[in-house]
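Student: Here is how the chains run, residue by residue.
Number of protein chains: 2
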Amino acid sequence: MTELPPTEPPTRRSRQRARPPRERHAAAIERQSPWRLLRNPYRPFEILSADELEAIHEASLDILEQVGVAVQSARVRELCHQHGAEPKGDGVRLRFDRNLIREAIASAPSCFELTSRNPARNVRLGDGYLCFTPVSSAPNVSDLERGRRPGTFTDYCDLLKLAHVFNVMHMVVGYPVEPIDLPVPTRHLDAGRAMLTLTDKIPRVYCHTAQRARDVLEMVRLAHGCAPEELQERPRSIAVINTNSPLQLDAAMGEGIVEMALANQPSVITPFTLAGAMAPVTLAGALAQQNAEALSAIAVSQFTRKGAPVVYGAFTTNVNMRTGSPAFGTPEYAKAALISGQLARRYRLPFRSSNINTSNAPDAQSAYESMMASWAAITGGVNLLHQSAGWLEGGLTASFEKFIIDVEILQMFASFLEPVAIDADELAVATVAEVGPGGHFFAAPHTLARYEHAFHDPLISDWRNFESWSADGATDATHRASLVAKEALASYERPPIDPAALEALDAFIAKRKEEGGAPVN
Amino acid sequence: MTELPPTEPPTRRSRQRARPPRERHAAAIERQSPWRLLRNPYRPFEILSADELEAIHEASLDILEQVGVAVQSARVRELCHQHGAEPKGDGVRLRFDRNLIREAIASAPSCFELTSRNPARNVRLGDGYLCFTPVSSAPNVSDLERGRRPGTFTDYCDLLKLAHVFNVMHMVVGYPVEPIDLPVPTRHLDAGRAMLTLTDKIPRVYCHTAQRARDVLEMVRLAHGCAPEELQERPRSIAVINTNSPLQLDAAMGEGIVEMALANQPSVITPFTLAGAMAPVTLAGALAQQNAEALSAIAVSQFTRKGAPVVYGAFTTNVNMRTGSPAFGTPEYAKAALISGQLARRYRLPFRSSNINTSNAPDAQSAYESMMASWAAITGGVNLLHQSAGWLEGGLTASFEKFIIDVEILQMFASFLEPVAIDADELAVATVAEVGPGGHFFAAPHTLARYEHAFHDPLISDWRNFESWSADGATDATHRASLVAKEALASYERPPIDPAALEALDAFIAKRKEEGGAPVN
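Residue numbers (my numbering), protein chains in the order written: chain A, 1 to 521; chain B, 1 to 521.
Just chain A, with the same shape it has in the complex (with noise of 0.2 Å):
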C-alpha cells in the first residue's frame, strides 16, 4: 500500500539529451504554438452569489450617490455635468445618480476587435476571448547577469522584441519599462515608433496628457497607412486609465479616456483600490469603492461617445499589514479578482485583470505568487490579462528571466484552455481492450497517431530525470529563463512594414520634434 513510484519506461528519443542547452533552448523556441486568439471555453469560477454581488454593486452606486468622485478635469466635470452628474462641497467633486450611471454604462460594448496593422493579429476583447499583454510601467529592469537598474531604451526594445517572439504575448505595451535615457518632452515619440515598428502585434499606448495622446494616437494611425475614419472605425491600440484611489480621477487620466473615447479606441479602466490603505481594509468594501470608481470612469467614457470601447479593469489587493506595502499575488488578491470578473460579467464588459507578485526575485515566490494571481484571472473568466510576462517586484521591475517564466506559464494556460475531446475516438475502449491488463501503450496505433502534438510541450520546465539534469549543470528554472531570453532576442526578425507608411511616421516624429515634443506638466 505504497503510492507507486513513478517508473521510468524505456526512452523513445535521447538525442534530446545529447543537445547542449544554447541548441536545445533555440529548438524550444522554434516549436512554439503558432499565434493564435484564445477563447476560454470554461463556465466562470465564481465565489459570490448573486445577491451578495448585487449587494457590492449596489453599495458603490451608494457611494457615487453620496461619498462621489473628485474630477479634476474641468473638461471632464462640464462634460459629466451636461450628462446629469452634479457638483458637491467644492466642486471638484461630482455626484453621480444610480440611474445616470446604470444608463451610461449600458452603451459599452461587450465584446470588440482591435485591428493590426498585419490582420493575422487582430484580437477580440471580451465573449470569452482572452489576450495576454506584457510587463508595463515598470521604472527598473533586471536580467541574472546585470542585475537591477533603471530601465533604458535599449532594455525597452528588447523587451517589445520579446513579447513579439512569444507567440502566447497576444498584444505589446508602449512602456515594457521605462526607457529613462530619453528626454522627456521626446520620449513618446521615440518610444511610439519603437512599439510601432518592432512589432506588428497590437500595442497599448500611452498618453498622459491630451498632447500626448493626441501625438501616439496619429503614430498608430500612420504606422497602420489609415485615414482619421478608419482609425475610429476600427480600433487599433488601448490605453488603461488608473483611477486615483480614493475617488478621484486625475486630470491626465480624465482627459485620457475623452481623447481615446473621440478616437474610438479602448480605454482599460482600473482603479488601484488598495485595502488597508487607499480602500477600507474588508475585501466587500474595497471592492465595493473599486467598483464605483470604475462605473463612474466607464460613464466618462460613454459620456464622450456612446458605444465607445471600454474594459472593466481591476486591481483591488492588500496592504502588508507589517508595512503597509503593497501585497501582490495574495489569497485576498485571488478572491477580489474572481469577484471583479463576476462584477465585469453583470455590467457584460470585457474584464481585465493581471499577473503580479511581490517578490523581489524571479524565484519560488514569484512563481507560487503569479499562479495564484493568473489562476484566478483565468478561472474567472478574465478577457486581457495585463501585466503578464515580466512584471516582479510589485510592478517596480521588469525582469527578463521572469518574462519567459510567465511565458511557460501562459502556454501552460494556452493548453489547460483546449477543451477535453469526448468522443468514441478520444474515450479508446477499443485500445484499451488490445492493450490488455499489464501491456502498454507507447507502441499501440492509437498512440502513435497522435503523441507528437498531445501535450503541452514545455519551454524551460526541464522534466528529464535527477541524473541527466545534474550531467547537464543543473540549472534551475530561473537560469534556462536566462538562456531563453538569450536565444530569443537572438532570434528575433523585425516584422515588415509599408515603406510609405514609415516614411510618414518618421516625417511626424521629425516634426513633433522640431515643435519640442510634448512639454513636461
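Derived from the structure by calculation, the hints contain no laboratory data. Check before you lean on any hint, since a few could be wrong.
To spell it out: a stretch of chain B is covered by chain A in this simulated footprint if at least three of its residues, at any positions, have a beta carbon under 8 Å from a beta carbon of chain A; those stretches are [what the hints assert, rightly or not]:
no., segment
1, 443-455
2, 498-505
Far from chain A by the CB rule (all over 10 Å, computed), these chain B residues [to be verified]:
no., residue
3, E23
4, I29
5, D190
6, R234
7, L262
8, N264
9, T282
10, P495
11, P519
Heads up, the beta-carbon is just placed ideally off N, CA and C, and yes, glycines get one too.
Here the structure of chain A is known, so what remains is to put chain B in place on it, guided by the hints.
Tutor: For chain B alone, kept in the frame of chain A given last:
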C-alpha cells in the same frame, strides 16, 4: 495613462526590518493559524458537461465488462467471484458487469470521520471538507546543504516533525521518505512507532502485505489505547491503494484493500494512469481507464464490507513525449484532476488529488507546476490533497525546502477558502464617506479594528521593498525555506501520549521483532 506604480505608504511597524532572519522566521512559524479543519465554501469549478462526464462513466463500465481487470490475489478473486464478477480468459482476469459495479459502489459513504488519539485533530473526508497530507514514499531526501541522498530514519523522523509543527498539515504519512537504513522485515515496526509517537495527527499507514497491514493496524489500536471494536467503529488511519495500470490489481494491493475494509479503515483507491504509457494517450481514454480501475477496486472494498469508507483517488497525468517519462503539474494533469473531481462527485465519494511537480530543484518550476496541480485540485473540490508538501522530482525526492514552500502555498489556500463576508459593516460605505476622495484608510477606526488579522500572513514570502531585502542578504524563497525548516525543527515538541498505551505499543513491537517481523516477499 500609465499603470500607477505601487506607492509605499508610511511604515507602520518598521521594527521587523531590523530583526535577524532567524528570529523573524521563528516568529512567522509562531504566528501561524491554529490547526483547524478546512471546508471549501465554493461551488466546484467544472470543465465537462454532464453528458461528457456520463460518456467517460459509460466507457469505464464498457472496459470493466469487455476487458476486465487482472486480479492477482486468489483471495481477492474469490471474493469478487462470490459477489458476481466472472472469470475471463486466463482465470486471473475478471469481468465486472455494469450493474454489479453500480450496486457495489452505492454503499460507500460520501463522508466519514477519522479519529485521532487527540480529539482536537479529528478530520472529516468528504462533504466539502479538505485535508492536507505531506509527501510520501520518496526514496530520496534533499536539502540545500546536504544535497540529494537516500532517505534515512533520521530524515523520516524530521519530516514527521515538520508535518507535526505546521498546523495546515492535517494528517501525516507513515513513510514521508523511505528509511532505508532500517532492516526491511522490521522497518514497518520502527517507522510505525515514530509515526504514532512523534505526532498525534492521523496517519496514513503503509501495509505492503496482509502481515504488515495487520501489524500497523494493531499498532494504531495500541497507540490509541482502544479495543478492536472501537477501531472498527471509528476509523483512525487511512491507506493508499494504487492499481497497477493498465487494469491490474496486484496481490499486496488487493489484500490491503481487504484488510483495511475488514478493520473499517478507509482505502484511498488511486490508479496511476499515465496517458501515453500505461493508459491511452488521450485524456478521455486515460480517465475512462482510471475510472474503471478505481470503480473495480472500490467494489472490492464494498464486497469485503458494505459501507467501508473509501476515497476516490486520481493520478492521471501525461508522459513527456520526448523521453517517455512521467510529467507532473502539467496542463493535462490539471484538466484530469478537475474531471476526476466531477467523477468522484458523480459517485458521491470523497475525492483525493495531489500537489505534484516534475522539477529536480525546489525552484520556480517546482512552484508553478505545484500551483497548476493544487489550484485544479482545490477549485475542483478535492477532499484529500495528498503529497501536498515536500514532493519533488516526480516523487523521487522529499525536499525540506519544498516542504516549507508548500506549507506557504497551503496556508495561502486556507486563506483563499475563507469566504468574503458581505454585509453593511464589511461594505463600509460609511467609512468610504468618512475618508472621502483623496484620503487614506490607514487611520480609519474601521481599519484599526481589523488590520491585525485582515490578511494572510506569509511564512516565507518576503514582501519588503527591494532595498530592505537587499540589505538583508537578498535571499530567494528557497533559501528562506531552508532557514524556516531548521527553525521549525528546532521548535518541534513531542505531543503527549498515554504511558500505558506507549508501553503496550512497545511490548507489541518487541514481540514482533522477536518473531522476525514481516518476512520479505
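Student: Each hint: holds or not?
Tutor: Comparing the hints with the structure gives:
no. : hint    : verdict
1   : 443-455 : holds (count 8)
2   : 498-505 : violated (count 0)
3   : E23     : holds (14 Å)
4   : I29     : holds (15 Å)
5   : D190    : holds (17 Å)
6   : R234    : holds (21 Å)
7   : L262    : holds (14 Å)
8   : N264    : holds (16 Å)
9   : T282    : violated (4 Å)
10  : P495    : holds (25 Å)
11  : P519    : holds (17 Å)
Hints 2, 9 from the earlier list are contradicted by this structure; the remaining hints agree with it.
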